[in-house]
Amino acid sequence: MNKQLLSGDEAVARGAWEAGCEVAAAYPGTPSTEILENLATYPDVYCEWSVNEKVALEVALGACLAGVRSLAAMKHVGLNVAADPLFSAAYIGVRAGLVIVTADDPGLHSSQNEQDNRFYGLFAKLPVLCPSDSQEAKDFVKIGFEISEEFDIPVLLRLTTRVAHSSSVVTLNERAPKPPQGYEKQLQKTTLLPAFARVRHIDLENRLDRLKAYSENTPLNRWELNNTDIGIICDGVAYQYAREVFPDASFLKLGMVYPFPEEMVRNFAERIKELIVVEEVDPFIELQIRALGLKPIGKDRLPRTGELNPRIVRESLLGSTTKVTPEPNIPNRPPALCPGCPHLGLFYSLQKQKVIIAGDIGCYTLGALPPHSAMDTCIDMGASITFAHGADKALSANDPRPRLAVIGDSTFFHSGITGLINTVYNQSNVITIITDNRTTGMTGHQNHPGTGKTLMDKETKVIDLEKLCRACGVENVIKVDPYRLQETKKTIRKVIAEKKPAVIISQRQCALLAGKQGRTKKVDPEKCIGCKSCLALGCPALSYANEKAVIIETSCSGCGMCVEICPKEAIG
Amino acid sequence: MNLLVCGVGGQGVLLFSDILARLAMAAGLDVKKSEVHGMAQRGGSVTSHIRWSKKVYSPLIEEGTADIIVAFEQLEALRYIHFLSTAGLLIYDPLRIDPLPVQIGLVEKMPDEVLQERIAARAALNRAIPAFAAACDLGNPRVQNTVMLGAISHFLEFPLSFYEQVINQLVKPQFVEINLKAFATGRALLKENLPAKK
Numbered sequence: 103m104n105k106q107l108l109s110g111d112e113a114v115a116r117g118a119w120e121a122g123c124e125v126a127a128a129y130p131g132t133p134s135t136e137i138l139e140n141l142a143t144y145p146d147v148y149c150e151w152s153v154n155e156k157v158a159l160e161v162a163l164g165a166c167l168a169g170v171r172s173l174a175a176m177k178h179v180g181l182n183v184a185a186d187p188l189f190s191a192a193y194i195g196v197r198a199g200l201v202i203v204t205a206d207d208p209g210l211h212s213s214q215n216e217q218d219n220r221f222y223g224l225f226a227k228l229p230v231l232c233p234s235d236s237q238e239a240k241d242f243v244k245i246g247f248e249i250s251e252e253f254d255i256p257v258l259l260r261l262t263t264r265v266a267h268s269s270s271v272v273t274l275n276e277r278a279p280k281p282p283q284g285y286e287k288q289l290q291k292t293t294l295l296p297a298f299a300r301v302r303h304i305d306l307e308n309r310l311d312r313l314k315a316y317s318e319n320t321p322l323n324r325w326e327l328n329n330t331d332i333g334i335i336c337d338g339v340a341y342q343y344a345r346e347v348f349p350d351a352s353f354l355k356l357g358m359v360y361p362f363p364e365e366m367v368r369n370f371a372e373r374i375k376e377l378i379v380v381e382e383v384d385p386f387i388e389l390q391i392r393a394l395g396l397k398p399i400g401k402d403r404l405p406r407t408g409e410l411n412p413r414i415v416r417e418s419l420l421g422s423t424t425k426v427t428p429e430p431n432i433p434n435r436p437p438a439l440c441p442g443c444p445h446l447g448l449f450y451s452l453q454k455q456k457v458i459i460a461g462d463i464g465c466y467t468l469g470a471l472p473p474h475s476a477m478d479t480c481i482d483m484g485a486s487i488t489f490a491h492g493a494d495k496a497l498s499a500n501d502p503r504p505r506l507a508v509i510g511d512s513t514f515f516h517s518g519i520t521g522l523i524n525t526v527y528n529q530s531n532v533i534t535i536i537t538d539n540r541t542t543g544m545t546g547h548q549n550h551p552g553t554g555k556t557l558m559d560k561e562t563k564v565i566d567l568e569k570l571c572r573a574c575g576v577e578n579v580i581k582v583d584p585y586r587l588q589e590t591k592k593t594i595r596k597v598i599a600e601k602k603p604a605v606i607i608s609q610r611q612c613a614l615l616a617g618k619q620g621r622t623k624k625v626d627p628e629k630c631i632g633c634k635s636c637l638a639l640g641c642p643a644l645s646y647a648n649e650k651a652v653i654i655e656t657s658c659s660g661c662g663m664c665v666e667i668c669p670k671e672a673i674g
Numbered sequence: 012m013n014l015l016v017c018g019v020g021g022q023g024v025l026l027f028s029d030i031l032a033r034l035a036m037a038a039g040l041d042v043k044k045s046e047v048h049g050m051a052q053r054g055g056s057v058t059s060h061i062r063w064s065k066k067v068y069s070p071l072i073e074e075g076t077a078d079i080i081v082a083f084e085q086l087e088a089l090r091y092i093h094f095l096s097t098a099g100l101l102i103y104d105p106l107r108i109d110p111l112p113v114q115i116g117l118v119e120k121m122p123d124e125v126l127q128e129r130i131a132a133r134a135a136l137n138r139a140i141p142a143f144a145a146a147c148d149l150g151n152p153r154v155q156n157t158v159m160l161g162a163i164s165h166f167l168e169f170p171l172s173f174y175e176q177v178i179n180q181l182v183k184p185q186f187v188e189i190n191l192k193a194f195a196t197g198r199a200l201l202k203e204n205l206p207a208k209k
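For the record, the sequence lines run as chains A and B.
According to my numbering, numbering within the first sequence proceeds without interruption in unit steps and concludes at 674.
According to my numbering, numbering within the second sequence proceeds without interruption in unit steps and concludes at 209.
Heads up, a few of these hints could be off.
Unchecked claim - Pulled a few chain B residues facing chain A out of the computed Cβ check, cut under 8 Å:
(1) M36
(2) D41
(3) S64
(4) K65
(5) Y68
(6) E74
(7) I115
(8) M121
(9) E168
(10) S172
What the hints assert, rightly or not - Here are the computed lysine to aspartate or glutamate pairs in the EDC-like style, where the Cα-Cα straight-line distance is at most 20 Å:
(11) B:K120 / A:E365
(12) A:K105 / B:E119
(13) A:K105 / B:D29
(14) A:K634 / B:E119
(15) A:K397 / A:E429
As the list claims (entries may be wrong) - Covered stretches of chain A, going by a simulated chain B footprint (3 or more residues, C-beta under 8 Å):
(16) 240-253
(17) 269-278
Don't read these hints as lab results, they were simulated from the structure.
For clarity, every value in this text was computed on a predicted model and none was experimentally measured.
Virtual Cβ for every residue (Gly too), placed ideally from N, Cα, C.
Work out the full structure: start from the sequences and follow the hints.
What follows is the structure, encoded as structure tokens:
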């Protein structure tokens, strides 16, 4: 048998491939991104970056109804975007299997919230599987496809960052291809007109009843009966922490948390003196146990925010004898825009302007932090333009500050374009700045409709942002090079002064892709007067010591933005 | 074995921990590795937890229980030092990379002496390995991680032949030679006995 060390994401990809999955679609988002990146490296699977998660799920649903096993992957907040088709998919069901992966982010390592997507199972009426390591991640994908086909329902596979991004040993198997079933029109099943949908809802409830019976007996939910003084019910990575802290306790490990195996839980609880539920973030399992009239220890002791870890489980449930505290007062190391990042130039140019700037989700969200402080909001993908529009309507002429929106190219394709159309149609004076770095920067450089390449590395049509914005009805569309600071600043000022809707496309390739832009710059200490003007650029290669500016040679990308800023021509 | 690696985005923390995890796997052990790299490329603080044993449950190391901490940068060494067990070993690169808020003067810089004192106070068993400087001398700052690997190889149970195997597997062919050199350099940098515990 072939064993490999795989991350949870890699294991999901492997599992999908082994299960004969033929179509997979996703929009990149930490911690889910690597699923499709890895799946695309296997032969025989069509993989795509869809423009957003709703599209990805609809693509996968279409493919499964056309008879091949399909997968859609996204981060937790991505499932909000895809929630509309998610609820319909439960009614419609599948033809070949459909697995929907949601990668939740307890602890907010790289997200705007820490929502618990197990609730989507309860809400949208879909079975939910929660693996606790990479081996299970792989196995559960395969079982997920089987459940999906047996019960005619999409299956939600819920990872968390700690499962998606931790690696453990996985036993590999070969691919078991499934013969495609072809497409067949099933009007009453797949067309959710009210009359048909009413029937489908009844059918869905029946499917859920059958799934409930399955959940009571599946080996996905298993007992580990040891000392019965303490019995712990848990799922996902919480199982690993609890197992570590309570080596002698009895466990009911839930791999399938919805539909909830009530009888199994009751039987387990009967043998146990003290029942404990260990789960991350929300009391999803605990609520269902309490609904049975049982009173476990759970969120009254364990935190509802952040990730768990062995220490938190230990301290919450056993109390602590030796508290280990981190060293105080160590300067934080927040993420920063890279040396030579084109966004640095844009945000530098936006500094000190009296404007309201609605931000969006991407690297450029970091522009909200000092030294730029060039952003007022960050809400969700696509919310920049729409927020600015709403603010414009609310403030009307009473507040003279111009309303700006800053959004990345990938995010614009994801959900910015609808907002832009809305500003034009509903007439507000929003100035939209598209920070076009020719890639999806934050998640590790995925392609999108503006790059001319697909996930599977095929050449494709490039969607021209400038023409697109014009086609949306914006007459004033201007391109700037953010490396040219004075010019960018002048353009922004001019556009603001015109007081009409506009789009500024700030275009330069992501510095990490572009590599070195030129010679490493140096500070002439004779000429440098220590005015710190250059530090306002926020470039991590620029520093300050002994009352002079310093350029860190190993970091400098040679872009030359600082050269333009220096009033004494000390940088060159 | 509980081994924690920390550093700054771009320093090769993740490849380093990949190599270690594969070494443990090659030795037939159960291994789990966990890292946070959501914004790592943006110069943030990066950590990786690696655990190996007959059977490993948690992918995270509990505070106060790391057998070894390998830090690629001094401030990061101090940031994660509470993970070290009382008998644990800290190997760190005396390299100093101040965070952006310090660089641009928003946050006060911690003097080197203070930093060193605080590290020593909390990790009785510690050793500074100038891996970054050594990597620069070798002509490629990016092999800092392999220099560190050579240094800690003294304290791990794996045969030397495993390292070469795994480096061959994980490093691009054109960089294998310099990585093997870096490994030897790291081993040489830490060859004397460690100072006795206070």
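Results of checking the hints against the structure:
| no. | hint | result |
| --- | --- | --- |
| 1 | M36 | 5 Å, holds |
| 2 | D41 | 6 Å, holds |
| 3 | S64 | 11 Å, violated |
| 4 | K65 | 12 Å, violated |
| 5 | Y68 | 4 Å, holds |
| 6 | E74 | 4 Å, holds |
| 7 | I115 | 4 Å, holds |
| 8 | M121 | 7 Å, holds |
| 9 | E168 | 18 Å, violated |
| 10 | S172 | 19 Å, violated |
| 11 | B:K120 / A:E365 | 60 Å, violated |
| 12 | A:K105 / B:E119 | 49 Å, violated |
| 13 | A:K105 / B:D29 | 15 Å, holds |
| 14 | A:K634 / B:E119 | 16 Å, holds |
| 15 | A:K397 / A:E429 | 39 Å, violated |
| 16 | 240-253 | violated (count 0) |
| 17 | 269-278 | holds (count 3) |
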